[in-house]
Amino acid sequence: MEHFLNASVGGIALGLIWGVLAIGVYLTYRILDFADLTVDSSLATGGVVSAVLIFNGLNPILALLISCVAGALAGLVTALLNTKLKIPAILSGILTMSALYSINLKIMDNRANVSFFGKPTINGYWADLFNMSVIGDKNVLTIITCVLVCGAVVGVLYWFFGTEYGCAVRATGFNSTMAKAQGINTDLTKIVCLMISNGLAALAGGLLAQHNQSGDVNMGTGTIVIGLASVILAETLIKDSFPFWLKLALVVVGSVVYRLIFTIAVQLGMHTNDLKLIATIIIIVALVVPKVKKHFSSKKLKGGLKNVKN
Amino acid sequence: MLKIENLTKMFNVGETTEKIALNNVCLNLEEGDFLTIIGGNGAGKSTLLNCISGVLSVDEGKILLDGQDITNLAEYKRASYVSRVFQNPLDGTAGGMNIEENLALAHRRGKKRGLGWGITKQERQLFHKLLSETGLGLENLMAQKVSTLSGGQRQSLALVMAVLVQPKILLLDEHTAALDPKTAKTVLELTEKFTKNSKFITIMVTHNMNDAIKFGNKLLMMNQGYVVFQASGEEKANLKVADLISKFSQAGAVLNDRILLNN
Ligand SMILES: Nc1ncnc2c1ncn2[C@@H]1O[C@H](COP(=O)(O)OP(=O)(O)OP(=O)(O)O)[C@@H](O)[C@H]1O
Ligand SMILES: [Mg+2]
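Those protein sequence lines, which keep their order, are chains A and F. Letter by letter, the first sequence follows residues 1 to 310 of our numbering. Letter by letter, the second sequence follows residues 1 to 263 of our numbering.
You can trust all of the hints, since none of them are fake.
Quick look at which bits of chain F chain A covers, simulated, 3 or more residues with Cβ under 8 Å: (1) 68–82; (2) 89–95; (3) 103–111; (4) 114–126.
Hints were generated in silico from the structure; no laboratory data involved. Just so it is clear, the structure is predicted and the values come from calculations on it, not from any experiment. Positions of the beta carbon are idealized from the N, C-alpha and C atoms, including for glycine.
Please work from the sequences and hints to get the whole structure.
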């Protein structure tokens, strides 16, 4: 039982870290309507940047911020490929993701991972404050860190998407024809949204690296699937009428639920090798159901409008 | 003043499907002019409007607005001067956002969008007042998602949005064609209300010859990328549907059922 509890606390800690990533995925996938695969590598970029910087003695908070900027730059590359070179969204993401793998290795001087045990991490601040052990109370400390980070992220995004520019980004996602007709530079709104999203992915990577006290070039593998699964789980809780901050907060909850489901499944004896397969099946089902629903409701809509052409 | 000089637009250049959608089109419109455009399917009406709004790049010719060459100005920059209502009611508004958010977006057309609030208190009051004046009851639905509105309501909202910030040119591309006759009438009345005594140029494409005659002070007939007939003032006001049909036949146009049945 105690083992189970510990595992659950660990699950919550990881869920909150990946919650930051899930918010990023929500922004591109749901707000901008852009399937961005860059996150698979930008998360790792954030992780390895933090790892290398902390290893070299940089302040852990500063390291997180720099991770964030590195991720935003990766998002910028994908956005430029798509908007300026007209490469389809998915392919743009895949290209950046692939190139980033090499760059992530370069950042670590061609090592596959960098550990920084014993170096200060952001958790160290609370450990000092509450007189806890950085190693023994690792999960609890990470939970404190991530609650603060998630709170700040949700707050800032809630503010941003209420601003004139934030509304322009949302309009781009809902209807880019209308957005352009209203004078919105939709290339720029896409760039901004992809930079924020990948900045968040890298922030999650930085947090994960600090949690593990190491950065690994493969730490982001499957990120997009995890992000999507969290968003989809969250959407079972989200109602259209909810305020935006609550939607974002529930995306984090979705990520935690996702982790806990796996923690429980593994505790019940399921093999970890099967997890990805099951996650994929969950996502496919969840992705198809709204499409089917939409199909039926759009039939209704067409009945209401006379011959919509062009 | 809008001055279009020898505008030519081709599609699929060099392929077997090459098509000249606009052939040396010239057009001069003054402040306050209301031009109606008629023509059969594929005549080039939408293409002309899309060239003016910057959706399409032009192959030859120039578009001058108040003396400024806007031929190659990006679509989103041109939106400062050119506003539009589309044929498809789903195109002109963001369904996922509510009415007041849509209006707030339109209220910033041609202005810089920064980090100020996306919608202010004063704007809410302004929008409420403006919507009340349209008499459609939309002012009571300000916080409602636009996707829940009917096609006619969406099109009316799109119209309000298009004139919320005075454009220099208002483009209406068959903006009532997707609506049932009664709703179409309401939207046309609203169009008339917004364009009466206006300072801006209005260009309205329609399949309905009666509307083409009834609305505006100028008329343009297109066929196969050519301007085949133009009328203005007195001459235009005295046109009859029969005149237009004979002009069409003179141009060798094959009129489709949609035009004929509409009249
Ligand atoms: N994107 C495009 N690619 C290729 N051809 C096009 C394109 N857009 C329009 N065309 C062609 O250009 C011609 C003019 O089309 P346009 O849409 O301007 O006609 P229209 O007068 O608006 O007709 P309708 O009454 O059917 O709306 C047509 O032959 C059309 O097939
Ligand atoms: Mg057309």
